[in-house]
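Going left to right, the sequence shown walks through residues 1 to 180 as the UniProt record's numbering numbers them.
The hints are simulated quantities; they were obtained by calculation from the structure and are not laboratory data.
Just to be clear, a hint being listed does not mean it is correct.
Between beta-carbon pairs, the in silico distance windows are [what the hints assert, rightly or not]:
hint	residue 1	residue 2	range
1	Asn168	Tyr7	39 to 45 Å
2	Gln171	Pro30	20 to 26 Å
3	Gly140	Ser165	22 to 28 Å
4	Tyr164	Thr122	16 to 22 Å
No residue lacks a Cβ here, since even glycine has one placed at the ideal position from N, Cα and C.
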Amino acid sequence: MTGFLGYDTVTVAGLTVTNQIFSLSQTEAPFMQYMQADGILGLAYPSLPLVRHLSHKYYLYCQRSFFPNAYCVVHYSVSGNGQAVACNGGCEAIVDTGTSLINGEVSYMVSCNNIDQMPDVTFNINGQQFTLPASSQSYGCLTGFSGQGSNLWILGNVFLGQYYSIFNRGQKTVGLAKAR
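Go ahead and model the full structure; you've got the sequences and the hints to work with.
Listed below in structure tokens is the structure:
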């Protein structure tokens, strides 16, 4: 992806930020032509985003027009529940609303004939169990797990789609509750 930086006024849910910096693409990866969105609005800490600048959330926060305790990225220890399939002994994870899949140590491939036989997957996060039903883990013949060859996991929308989430900047925590 290539491009340049621009500035504009951004309004989300009635909250407005003036002079928000953002990236404009001139070229992009071929798969992006199939995306159903025009872009991604990152809400990470300033040290985390790809483009090093204050995020949209921080401009809102600095303008005192946003909730004072909103926060969007946090680290967890993650291990498999029951029979460990990954992260035996735990590993770090980031909750990321801008990531579609669950990125971890390895990709998990299953035969299209076996999709309906996939087990539920349970994450043990700080002593709490978060279960993803098998029905939420696949896209056709692909699983919602993608390998990045790292002990750092990214819990994206496959995970977050099953839970309500509250990001608390003041406490540096993420709260999760089962979605109905």
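Hints, verified against the model:
1. Asn168 to Tyr7: 39 to 45 Å: Because 29 Å falls outside the window, the suggested range is violated.
2. Gln171 to Pro30: 20 to 26 Å: violated, 41 Å
3. Gly140 to Ser165: 22 to 28 Å: holds, 26 Å
4. Tyr164 to Thr122: 16 to 22 Å: holds, 18 Å
When the structure is compared with the earlier hints, violations turn up for hints 1, 2 and for no others.
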